[in-house]
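Q: Sequence:
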Amino acid sequence: MAEHRYDPQEIEPRWQKVWADERTWEVANERSSEGRGDSRRARSEIPSSYVLEMLPYPSGEPHIGHLKTYSVGDAMAHFRRRLGARVLHPMGYDAFGLPAENQAIKTGVHPRDSTAASIASFQRQFRSWGISIDWSRELATNEPSYYRWTQWIFLELYRAGLAYRKEAAVKWCPKDQTVLANEQVDAEGHCERCGAVVEVKQLVQWFFRITDYAERLLGDLDTIEWPEHVKTMQRNWIGRSVGAEVTFRCEELGVDYPVFTTRPDTLFGATFFVMAPEHPDVMRLAQGTSNEQAVHDYVNHALNETNEERGNAEKPKTGVPLGRTVTNPVNGEQIPMYVADYVLMEYGTGAIMAVPAHDERDYSFARAFQLPIRRVIAPADPDAKQQPGADEEGLPYTSDGVIAGSHRDFDGMNNREALAAIVAWLDREGKGHASVNYRLRDWLISRQRYWGCPIPIIYCESCGMVPVPDEQLPVELPDIEDYTPKGRSPLAAAEDWVNTTCPSCGGKARRETDTMDTFVDSSWYFLRYCDASNERAAWDPAALREWMPVDQYIGGVEHAILHLMYARFFTKALADLGHLDFQEPFQALFTQGMVTKDGSKMSKSKGNVVSPASIVERVGADTARCYILFVGPPDQDADWSDDGVDGVHRFLGRLWRLAAETAEKTGPTSTTTDQASHAGAEGPDLDLLRKTHWAIDKISGDLRRFAFNTAIAAVMELLNECSKLRDQVEASTLSFALSTAASLLFPFAPHVCSDIYELLTGERVWEQPWPQADEALLEREVYELVCQVNGKVRDRVQASADSDQETLKDLCRAAPNVRAHMDGKEIVKEIVVPGKLVNIV
RNA sequence: GCGGCGGUGGCGGAACGGUAGACGCGGGGGCCUCAAAAGCCCCUGUCCGAAAGGGCGUGUGGGUUCGACUCCCACCCGCCGCACCA
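Residues are numbered in this note's numbering as their position in the first sequence, beginning at 1, plus a constant of 328.
Each hint should be verified, as a subset may be incorrect.
Claimed, not checked - Derived SDA-like pairs: lysine to any residue, alpha-carbon spacing no greater than 20 Å straight-line: (1) K645 x R612; (2) K645 x M673; (3) K925 x E989; (4) K434 x K814; (5) K434 x T812; (6) K1120 x L1165; (7) K929 x W968; (8) K434 x K932; (9) K925 x H391; (10) K929 x S939; (11) K932 x R563; (12) K434 x C522; (13) K645 x H607; (14) K345 x R452; (15) K929 x H887.
Treat the hints as calculated values from the structure; they're not laboratory data.
Taking the hints into account, I'd like the entire structure generated from these sequences.
A: Structure, rendered in C-alpha cells:
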C-alpha cells in the first residue's frame, strides 16, 4: 500500500486556486441570472441569506482574533449555502483612522500607502485561510468611490436636520490633538486610543442627532436576536429614566429653571437647589451678590478637575451658595441655590432640586452645609430594617413608602401613586409635566485629523454654511506633506484645497477642514456590499430588498456599544428619509470571545502573540480554523495552546489518511448510490451506518445553535468509529462514512474536506446539499436499559426498543445488581422512561 | 450600588430534569523500530477494595422531584457593562 501523508501545504493552495479561478463564492443580485447549484429550482424560490463579519481595520497583519471571527462567519456561511440558501458573504476594510495616521507621523509613510500594504496582507491571508468571500464586492472606506456616498449620507442627514454644528464643551485628547466622542473616553477620563488624560475644550463641532432616536434605539432592541448582554449594554448606554420636568422660578431675576427628577413624589422635601458649574447662568446668578468671587473661584476649580476626580462618589461634597433663591412650585417655599460639582451639565437640565431626606448625594451635601433635611416619605412597614448608611432617623430613605408631611391631598398615599398624582397636578398648574430623560448624548463626529472622510461643507462669506452639491461629490482628500496635528485639522494647511468658491453664489469660500469619525464610515458599509459597484447611487433599493437586513452578523463584543449603536442609528435615520424599508441592520448578532494566550490578552508588549500566518505555515489553515472552534464555545474566550493545535492536526491527518487508503480500494464512488446500497446492512456495517447518521443529526443541530466545538467533536467520534471498524466493514460503507464526515466537517476545514470528498466520491463537496439523517437509523432496536434503584444507577441490561413498560420493569427487576439492592424491600413505585431507564423506588 | 454572564477532573470543555465528565490536551502503560520520530492499542474524577462492587463527587446552604450540573429560594466567588444620571 502506498504511503499516504497529509500535506496541507499541497492540499490548501490547490483548492484555493479552484475557488479563485471559478469565483465559486460570488453571488449575483439578480435572482434570475444563471448560477451554480440546483437548476431545476427557480432562482426566485431560493432563499437569500446575508452572513457578515465585522469588517477589519487594516493595520499591520491580521491577528488571531481575525482568524476566529472569520472562521466562525465562514462556518455559518457554508452551512447556510449547503442548506440551499444563496449566501452573500463579502469583505471590506475600515481603512480610515487614527492608527494609520499616527504611524505616518512616526515613519513618514503616507497613510494611503501603509493602509494599502496592510490591505494586501489581509487579502493574502484571507485567501490562505480559505474563507469563502465574494471578492467582487470588496470595498475600502478610504476609496473615493466609497466615501463619496459617506458624504452623500452626511448631507442627507444635514438636510434632514440630523447633522448640525454647535459650540460645545468637548472631550479633547491632547496627545492625538483631536476631539473624541463620549464613547471614546473611558471611565477614568482617558483617551481610548492612546491613554492620555482627556481635557475639556469649547469648540464648534459637528454632531449627529442620535438622541432623537433614543426611544426607538431602545424599543427596537426587542425586535432583534442579539445576545442579552449586548442588549443590556445598549440599554445602559441609552439610560432611559422616567420622571418629570418641574419648573423652579428665581423671582429676583425672573428666570424659570426647569429640573428633571425621577422622584416628583419627594418635591415637598426639596430644601435647596443645585446647579452644575458648567451651567451658563451660574455667573449671572452670582453677579452682584457677596458670593460672586467665591462662585467664580469654585467654577474655575471644578472645570479644571479631571473626570476621575469629579466622578468619585466617595469624595466629600463641595459647593458654594449662589446667594439667590428659587421657588418650590408645590409649596411656594423659597429655597437657596448652590453651585456644586456633583451636578452634571450633561444630564438632565444641569440643575437639580435637592431632597436630602430621600437622596444619598443630596443628603451628604446637606450634612456638609448644615441644610435642613425634611422627611416626606415614611416606610410602609415601620419595623423594616434600615438601609445601610442611614442615620438614626433612617435617612436618607430611598425606598418606597407612604407620603407624609407634604400636602393633605397626597399625605397617606403610597408614594408611587402620589408620584403620578403630583405630576398630574403640576401639569394642570403649568408648573411641570411628565418627562423622560436619556443618558445618551448626540454623536460628535468632527475630527481634527487628516486620515478621514472630509465633511462636505463650504463656508461662504456671504451665504454662510453651504453643503457641497451632490454632483460635486466626492470632496476628495488632498495630498499633504505634514499630517502632524497642531490643534486644528492638518487639512487647514492645504490652502489650494481649502480655498474654493461658493456653490451657491460663486464667491470666495473655504472648505470645512475637519474629517469625520471613522465610525461614520462603518455605519453603512453593510448596505454598500449589496450594490458595491454602483456609481450612480449609494445603492439600488432593489439590491437592498434582496439582501438586507443582515441575517447573521458576527464580531467582537468590544463593538457592543459604539459601532452597533451607530449602525442602528444610521439605519433608522436612512429609513426615515425613505432610503431603506427596514428598521434594524442586523437581525441576529453573534459575539465571539477573545483568543488569549496563557489566560491573558495577546499583546506585542507581553510577547505572547500567536501569528495566524505562522500557524498556517506550520499546520495549515484547516487545522488552525478547526482548533480555534474546537477549543470551546465560540462566544466564550479561548486560550491558545500549541498542544491543542497538534491534537486537531493529528485528527485531520488521521481522517485524510484513512480516506486516502479507503479511496485506493474503492475508487471514487458517487454518494447518490450510497443510501440504496446500504439498505440491507447488518453487523459492523450497520453500526457504522448508524454512527454516521447519528453524526449527521448531531452536527446539524449543533450548527444551528453555533455549537461548533461539539460538532467537531462529533466528527472525531465518527472517525474513531471508522478506525475501529475499518477492517470489519465493507469498503463502500467505510467510504460513505468518511465522505459524510468530510461533508459535515467542510464548514470548518474546507480544503481537506474538499480533498477527501473528491477522493472518495469524485464530487465537489460544496456543491452537495447538506446530508440528511435517516430517522430509521437513529433508532436502535436493542439498547442498554439503565436500571436505577432509588434514583441510583445499579445495573444496565439489554432491552429491545419495542418492549412495553411491563417488560422493561421485569427486565430491571431481574438485573442481578438490582436484586442485590432490592434485598427484599418493598417496591413503592416504578418509573419507566422507555428507551432510557427504569427507576425502582 | 444597578444590570448581564459564569463557577463541572491535572487542563480546555460535554451533558432535551433521566448512565456526570462526550471530544481533545496532558499523564501512565504497551505495540512497531537497531534506535528515534511518526503511527497504532489500552488505562486515566476521587476514596475503599485483589476483584466483584461500593462510598463521595458539578462554588455554599436549603427546597421541588421517583430522579437535579440542569428548575426554585438565599448566599459566596469570578468576569463584563453602567454608575455622584438627580
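Q: Evaluate each hint against the coordinates.
A: Now the hints, each set against the structure:
1. With a C-alpha separation of about 23 Å, the suggested pairing of K645 with R612 is violated against the 20 Å cut-off.
2. Proximity of K645 to M673 is assessed by CA-CA distance (about 17 Å); at most 20 Å being required, the pair is judged to hold.
3. Straight-line distance between C-alpha atoms of K925 and E989 comes to about 37 Å, which puts the hinted pair past the 20 Å bound.
4. Of the supplied pair hints, the one linking K434 and K814 holds, its CA atoms being roughly 15 Å apart against a limit of 20 Å.
5. Between the alpha carbons of K434 and T812 the distance comes to roughly 9 Å, so the proposed pair stays at or under 20 Å and holds.
6. In summary, the hint linking K1120 to L1165 is supported, as the alpha carbons are separated by about 11 Å, within the 20 Å threshold.
7. Proposed proximity of K929 and W968 is supported: the alpha carbons are some 10 Å apart, at most 20 Å.
8. Distance hint between K434 and K932 is fulfilled; the C-alpha atoms sit about 18 Å from each other, no more than 20 Å.
9. Proposed proximity of K925 and H391 is supported: the alpha carbons are some 13 Å apart, at most 20 Å.
10. Of the pairs offered as hints, the one joining K929 and S939 holds, with about 14 Å between alpha carbons and a cut-off of 20 Å not exceeded.
11. Straight-line distance between C-alpha atoms of K932 and R563 comes to about 34 Å, which puts the hinted pair past the 20 Å bound.
12. At roughly 14 Å between alpha-carbon atoms, K434 and C522 fall within 20 Å of each other, so this suggested pair holds.
13. At most 20 Å may separate the alpha-carbon atoms for a hinted pair to count; K645 and H607 meet this at roughly 18 Å.
14. At roughly 13 Å between alpha-carbon atoms, K345 and R452 fall within 20 Å of each other, so this suggested pair holds.
15. Under the criterion of a C-alpha separation no larger than 20 Å, the hint pairing K929 with H887 is consistent with the structure, at around 17 Å.
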